[in-house]
Amino acid sequence: MHLTKEEERILKGELGEGTQKALELLVAIGDAYDAEEMIPISRAHAASSGQEGDLFFVELLAKGGARCKVPTSTNPVYDIKYFKSLFDVPKYEGDVARRVMEAYEQVGAILSWSCIPYLAENIPLYGETVAFSESSATPYVNSVIGAKTNREAAQSALAAGVIGKTPKYGLHIRENRRGTHLVKVEAALEDEFDYTLLGYAVGKKIGYGIPVLTGISRQPNTEELINFCAMSNVSGAVSMFYMPGFTVEASTVEEAFQGDKPKETITVIDNDLKRVYEEMQTTSGKIDFIMLGCPHYTLKQIEEAARLLKGKKIRKDVSFWINTTATAKTVAERMGYVDTIEKAGGHVVVDTCIDEPCWIAYIDKVGMTDSPKCAYYRRFREAVVSRLEDCVEAAVKGRWK
Amino acid sequence: MKQSEITLKCHKIIGGYGEGEALVSHEPICFYLTDPKTGVIRERTHELFGKNLAGKVLVFPSGKASSVVQIDGLYKLATHNLAPKALIVKDVETVLVVSAFLVKVPLVDRLEKDPFKVISMGNFVKVDAEKGRVTIRKSNF
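Keeping their order, the protein sequence lines are chains A and B.
373 is the number that the numbering used here gives to position 373 of the first sequence; each next residue is one higher, with no gaps.
Each position in the second sequence, counted from 1, maps to that position plus 401 in the numbering used here.
Here chain A stands alone, though its shape is the one from the complex (with noise of 0.2 Å):
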């Protein structure tokens, strides 16, 4: 890979340990992909967690004194002064949870600990050139709002963060982005949660590829879009997809394809989505908890569940949470959906996710969430996923079928 002269200096550690390291692990991954040089990007979002990796790598840099040289957000981690009043969370990992967090300030990261950041926090323009990790913002960032990122680790984005640069390959290069499989829609897509069926039907029928997908009847509104992107890179690794016509890049399917062929071609059915539903449950019965904000909850999400929950009473043995970022709840509290959800006897809370070591509380027991990502990562014994309705109606009876 060709190096600048500011570039070797930083290897050389001329400007500190932390640049040095940063630098050394983009230029690991510009030889694995026999990138030519490296490029500027204008802003990052580095996939934080409160998990030994992660402190590893951000200590390591804030330790060697290297600062974000452009705007680069984080994500979820938790607030362990928080959890420490609801569950017994081992001391050791609220160390680490907290020092995670630490770091990133210091490094000068954007303290958005937010899995949507291209909703408010961080957000990219058409054409930018960015690094940003996490699976519902790679997809996101690429395909909806049309800048360019590569599918990062949080370590490669936060590193793309602090020099500034990214390696040139993959995603960055016109012709990697060039559709892979026609996906042909024939399935009737009438809410959010279709959206997230189909983005886990997609992920799980094509694997590792750049979906186009044709036959979508309407302007799919931006929380099917989240829904869409986070769960075809839960079944499977999607980056980018296309809907020509609804997203940016590409406005005709040939467009997508650069005038190649597709790879594969494959249809979607109702039935499709139908035995996608039906794999997801595991359990029916009584639900202990239920978890919603995966990925995090946005106003309008907050304000239907609020909606939903007014007047109503969720059952003292059923706990009830929404997660969300800090600015939503912000409004949300504004407009007297937190105060409806809490007097319903939920919790709207912020900073953290289902992946987080602080529920660790929930390992044994039965959960709901309208969101196979949450259920995925197995953080509790048996989950059912469902639509919003069916969560407040379990919320409320304390079971579920």
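Simulated from the structure, these hints should not be mistaken for lab results.
Given the structure is predicted, the values throughout are model-derived calculations rather than measurements.
Hints should not be assumed to be uniformly reliable.
Said to hold, decoys possible - With a straight-line Cα cutoff of 20 Å, these simulated DMTMM-like cross-link-like pairs (lysine to aspartate or glutamate) come out:
{"no.": "1", "chain 1": "A", "residue 1": "LYS204", "chain 2": "B", "residue 2": "GLU428"}
{"no.": "2", "chain 1": "B", "residue 1": "LYS438", "chain 2": "A", "residue 2": "GLU93"}
{"no.": "3", "chain 1": "B", "residue 1": "LYS410", "chain 2": "A", "residue 2": "GLU59"}
{"no.": "4", "chain 1": "B", "residue 1": "LYS532", "chain 2": "A", "residue 2": "ASP34"}
{"no.": "5", "chain 1": "A", "residue 1": "LYS300", "chain 2": "A", "residue 2": "GLU333"}
{"no.": "6", "chain 1": "B", "residue 1": "LYS491", "chain 2": "A", "residue 2": "ASP34"}
{"no.": "7", "chain 1": "B", "residue 1": "LYS491", "chain 2": "B", "residue 2": "GLU420"}
{"no.": "8", "chain 1": "B", "residue 1": "LYS505", "chain 2": "A", "residue 2": "GLU255"}
{"no.": "9", "chain 1": "B", "residue 1": "LYS532", "chain 2": "B", "residue 2": "GLU513"}
{"no.": "10", "chain 1": "A", "residue 1": "LYS184", "chain 2": "A", "residue 2": "GLU93"}
{"no.": "11", "chain 1": "B", "residue 1": "LYS410", "chain 2": "A", "residue 2": "ASP31"}
{"no.": "12", "chain 1": "B", "residue 1": "LYS532", "chain 2": "A", "residue 2": "GLU303"}
{"no.": "13", "chain 1": "B", "residue 1": "LYS539", "chain 2": "B", "residue 2": "ASP529"}
{"no.": "14", "chain 1": "B", "residue 1": "LYS505", "chain 2": "A", "residue 2": "GLU59"}
{"no.": "15", "chain 1": "A", "residue 1": "LYS69", "chain 2": "A", "residue 2": "ASP34"}
{"no.": "16", "chain 1": "A", "residue 1": "LYS69", "chain 2": "A", "residue 2": "GLU7"}
{"no.": "17", "chain 1": "A", "residue 1": "LYS286", "chain 2": "A", "residue 2": "GLU333"}
Stated by the list, open to error - Computed footprint of chain A on chain B; a stretch qualifies when at least three of its residues, placed anywhere within it, have a C-beta under 8 Å from a C-beta of chain A:
{"no.": "18", "stretch": "413-422"}
{"no.": "19", "stretch": "460-469"}
{"no.": "20", "stretch": "475-482"}
{"no.": "21", "stretch": "486-496"}
Note that CB positions come from ideal geometry on N, CA and C, so glycine has one too.
Position chain B relative to chain A; hints supplied.
Okay, now just chain B, sitting in the frame of chain A:
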């Protein structure tokens, strides 16, 4: 017992030197699905289920699973001193590069011959990533 030794060129991704007995997997590996306190692969459906990867030279097609769990998995093995000594892969991706970088395990690809044809389970393998060389010692009885 007769011994034969061959040396092949490879492409360095993460530098360093590591040697050990070869553990060959035809399926992708997720480090999170190993026991961090022993190095034993605990993914029930995996061809290497029950085998130990600690201290081995691991030959495998690619990594798999989300970046967070993959990186955390190899990191936890390394903190218990149970990481493989070197990694030889066919298809490398960003997450695997990051994982190997963090725990300082040599990672190479593009052997001049198909690694699954020239390396068998139990061969003694030396990976000199810095020099771009892999040496395979076979014992024939």
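Hint check against the structure, violated hint numbers in rising order: Violated hints (numbers, rising): 3, 8, 10, 12, 15, 17; every other hint is consistent with the structure.
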